[in-house]
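Using the hints provided, position chain F relative to the given structure of chain W.
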Amino acid sequence: MSDLESQLPLPFREALAFLRQHRDPDVRIDAIDANFAYVWINNLVKNTPGEARGGWIRLPVVFPHANPHGLVTRDALMRSNGEKVIDGHNPAHDMCKPVSSMGGAHYYSWTWAGAPALNSPKHIIGVAQWYERRIRNG
Amino acid sequence: MDRLEFALTKDQFRKALSLLFDQRPDGDNDPERGFLALIFPATGLKRRTLILGDIVEPMPGEVSWSPQRGLTMSHRYYSRAMSLAQSTSGAGLINVHSHPRPATGILPPRPSPQDLRTDQEELCFASRAVGEQRPIAAGVITPGGGISVREYTFRHPRSQAEAVLAAFGAGGASFRYAEHIRVVGPGLRVLRGNPDKPSDNVSIDLSMTDSSALLWGEAGQRILAELTIGIAGLGGVGGMLAEHVARLGIGSLVIVDYDRLEDGNFNRSQGATRAESKSGAPKVGVYSRIAAEAATAPNFNVAKYCESVAETEGLRPLLDCDVILAAADDAFARQVLDHAAYAHLILIVDGGTTLVANPRTLRLEAGKSQIVSAGPGHACLECQGVYTREEATVARESASWGRYLELGQVQDAADQRETRAPSVICNNALVAGLLGLRLLALTLRLTPATMRGIQRYYVEDGTLRWGAIRECKDGCVKNSWLGKGDSHFVPVGIDLRWTELREKEQEQQKGLLEGIQEQ
Chain W
1 MSDLESQLPL
11 PFREALAFLR
21 QHRDPDVRID
31 AIDANFAYVW
41 INNLVKNTPG
51 EARGGWIRLP
61 VVFPHANPHG
71 LVTRDALMRS
81 NGEKVIDGHN
91 PAHDMCKPVS
101 SMGGAHYYSW
111 TWAGAPALNS
121 PKHIIGVAQW
131 YERRIRNG
Chain F
1001 MDRLEFALTK
1011 DQFRKALSLL
1021 FDQRPDGDND
1031 PERGFLALIF
1041 PATGLKRRTL
1051 ILGDIVEPMP
1061 GEVSWSPQRG
1071 LTMSHRYYSR
1081 AMSLAQSTSG
1091 AGLINVHSHP
1101 RPATGILPPR
1111 PSPQDLRTDQ
1121 EELCFASRAV
1131 GEQRPIAAGV
1141 ITPGGGISVR
1151 EYTFRHPRSQ
1161 AEAVLAAFGA
1171 GGASFRYAEH
1181 IRVVGPGLRV
1191 LRGNPDKPSD
1201 NVSIDLSMTD
1211 SSALLWGEAG
1221 QRILAELTIG
1231 IAGLGGVGGM
1241 LAEHVARLGI
1251 GSLVIVDYDR
1261 LEDGNFNRSQ
1271 GATRAESKSG
1281 APKVGVYSRI
1291 AAEAATAPNF
1301 NVAKYCESVA
1311 ETEGLRPLLD
1321 CDVILAAADD
1331 AFARQVLDHA
1341 AYAHLILIVD
1351 GGTTLVANPR
1361 TLRLEAGKSQ
1371 IVSAGPGHAC
1381 LECQGVYTRE
1391 EATVARESAS
1401 WGRYLELGQV
1411 QDAADQRETR
1421 APSVICNNAL
1431 VAGLLGLRLL
1441 ALTLRLTPAT
1451 MRGIQRYYVE
1461 DGTLRWGAIR
1471 ECKDGCVKNS
1481 WLGKGDSHFV
1491 PVGIDLRWTE
1501 LREKEQEQQK
1511 GLLEGIQEQ
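Chains as they are written, first to last, in my numbering: chain W, 1 to 138; chain F, 1001 to 1519.
Be careful, since some hints might not be right.
[Stated by the list, open to error] Listed below are the simulated SDA-like cross-link pairs for lysine to any residue, each with C-alpha atoms no more than 25 Å apart in a straight line:
id, chain 1, residue 1, chain 2, residue 2
1, F, K1504, W, P98
2, W, K97, F, S1398
3, W, K122, F, K1046
4, W, K97, F, I1494
5, F, K1015, F, A1166
6, F, K1473, W, D94
7, W, K122, F, K1504
8, W, K122, F, C1476
9, F, K1504, F, A1272
10, F, K1473, W, N119
11, W, K84, W, K122
12, F, K1504, W, D94
13, F, K1473, F, I1494
14, W, K122, W, G54
15, F, K1473, W, A113
16, F, K1015, F, G1144
17, W, K122, F, S1087
18, F, K1368, F, L1430
19, F, K1278, F, T1312
20, W, K46, W, S109
21, W, K97, F, C1383
22, W, K122, F, C1383
23, F, K1046, W, P9
24, W, K122, F, G1475
25, F, K1015, F, C1476
26, F, K1278, F, S1423
27, W, K122, F, S1487
28, F, K1473, W, P116
[What the hints assert, rightly or not] Partial selection, computed: residues in chain W whose CB lies under 8 Å from chain F:
id, residue
29, S6
30, Q21
31, H65
Hints in this document: simulated from the structure, not taken from any laboratory. Quick reminder that beta carbons are idealized off the backbone N, C-alpha and C, glycines included.
Here chain W stands alone, though its shape is the one from the complex (with noise of 0.2 Å):
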């Protein structure tokens, strides 16, 4: 477990551990900012290669007693038809700071309002996917 992890509460740290689980062994802790950390997830985005793929969930340290807030990634989004990506894109915006040293440099500031209630640190699963779809969608 790195520092960071350590610093998370046993809710969190057990998200990740299923996370870890069940989607993607690699999954880490790239920066606390406060009262949001940065997950980096390397496959979220399926329509581009490489490292693009990954991208940084912020995930409310309290989790999941809180929703997540917001993506950043290295490369702007690209939806499955090939547009670009524009619903609450900010290139360089100051959510990117905590992780710009690793490449973080688009954020999109989705929220989670009118997704699915969290209630268990099972459900890091369920905002990966919703993750996942709503790049896919754009």
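For chain F alone, coordinates are given in the frame of chain W:
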């Protein structure tokens, strides 16, 4: 930790009384009965509470009584209960048994010497099995509902040599009684728990409270004098409440707020002086002074914390309280208190006002005040619509997000400067008054019909109506952490507005010091 208490919900209390005293169809007429249950520690700043968890119901033959040995619980029964405790995060074990006498009254019963011997032997074994950090306790209940609970401390041997010493066995046990027993939901009943201190020694001054004591008597006044009430947030509502509860005769008050008085909030800072406003005095200092001057309880004390309720340092002193009056007007703080209410079995009464002005005409467009209770026996604040998960998320994002932004003033995201929400002292007084009345309903059952639910005052037409929600919605998980105490993670975090203020004050102090040094 100064004080030990024991807490359980009203439903658990009923279940315990039923297990111990109901007539049994199998003709079990033993003079004493007992059961094992999980307990969870809940830690405040000065109070440690043991909270009753799941009761492990005994199977036939697992609990028996004989004149020679008194009440005994079988190894098989202990084994089942210890397995459950070991597999439940943070749980300890309590052994509870009945005393047939006195048949009436709620004085805390004293365990017999035989009880103490048996408890120590059985619980020493249980303590080693469940682990040193888990609480171990024993309790006695009488048919009238009197309870005493004692928490045991056993020395755990670190070597084989220590393991054979009497000091590390049952004989080396020490215990202390829980001073109070809190039966929570939907109202609050605080019973005495220490048989060494069964009588009232709380002093009251009826010469100052005779008019209100006409409604609830000397006994009611004593109940108030024994309560510890917390106030989260000292704005227009919270500041008034500090004075109200002090005048009602509450014995102890805990106030938490990080803000300072300023000219901009002087018009609703009842009791504050111009000098305090001009000097930017911390609100906790101002309202602790006002409460101390207004108090009618002879031994009134007020503890003040210049902290944010949304952070651990601000929450912990509130976990010492019997009821928390929430006037923080912030979704982050509300969510934190909502969690604490269920996990720590503390009733919450939340209140606030939203006034919306038309920015062009400067006339009232809409407005609503609301008062709502939450915690065991109530629907949670979230299900009653006091805050949403999204609002609690956004309030964690920045010092200004989620706060009121004056209509028409925001140019873009960078211009999210803090602006003031409309506020009128008269609306604050209405909310403070209704919060106080709800407190009396919960603690004295003064108006039992008003204990639960959400009460809304609609400013435009001046009507006061009850909301429909009395139960949590399907899928709400608050009850799954009911009574889990420290085992439940309460979602405290970093209050960015408080952080910003602290940094600003530190900068100012630094500048001041540098100025002095230059001179």
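Do the hints match the structure? See the list:
1. K1504/F <-> P98/W: holds (23 Å)
2. K97/W <-> S1398/F: holds (15 Å)
3. K122/W <-> K1046/F: Violated: K122/W and K1046/F sit about 35 Å apart, past 25 Å.
4. K97/W <-> I1494/F: Holds, because 19 Å separates the two Cα atoms, which is no more than 25 Å.
5. K1015/F <-> A1166/F: Status violated; Cα separation ~37 Å.
6. K1473/F <-> D94/W: Measuring from Cα to Cα gives roughly 37 Å; hence the hint is violated.
7. K122/W <-> K1504/F: Violated: K122/W and K1504/F sit about 40 Å apart, past 25 Å.
8. K122/W <-> C1476/F: holds (16 Å)
9. K1504/F <-> A1272/F: holds (24 Å)
10. K1473/F <-> N119/W: holds (13 Å)
11. K84/W <-> K122/W: violated (31 Å)
12. K1504/F <-> D94/W: holds (21 Å)
13. K1473/F <-> I1494/F: violated (29 Å)
14. K122/W <-> G54/W: The given pair, whose Cα atoms are some 21 Å apart, holds under the 25 Å limit.
15. K1473/F <-> A113/W: holds (18 Å)
16. K1015/F <-> G1144/F: Given that 25 Å is the threshold and the Cα spacing comes to 14 Å, the pair holds.
17. K122/W <-> S1087/F: holds (19 Å)
18. K1368/F <-> L1430/F: Holds, because 11 Å separates the two Cα atoms, which is no more than 25 Å.
19. K1278/F <-> T1312/F: Not satisfied, since the Cα-Cα distance of roughly 30 Å exceeds 25 Å.
20. K46/W <-> S109/W: holds (20 Å)
21. K97/W <-> C1383/F: Given that 25 Å is the threshold and the Cα spacing comes to 36 Å, the pair is violated.
22. K122/W <-> C1383/F: The given pair, whose Cα atoms are some 22 Å apart, holds under the 25 Å limit.
23. K1046/F <-> P9/W: Roughly 24 Å between the alpha carbons, so the hint for K1046/F and P9/W holds.
24. K122/W <-> G1475/F: holds (15 Å)
25. K1015/F <-> C1476/F: holds (24 Å)
26. K1278/F <-> S1423/F: holds (20 Å)
27. K122/W <-> S1487/F: holds (18 Å)
28. K1473/F <-> P116/W: holds (15 Å)
29. S6: Since chain F brings no Cβ nearer than about 15 Å to S6/W, farther than 8 Å, the hint is violated.
30. Q21: Status violated, d = 20 Å.
31. H65: With a closest approach of 4 Å, the H65/W hint holds.
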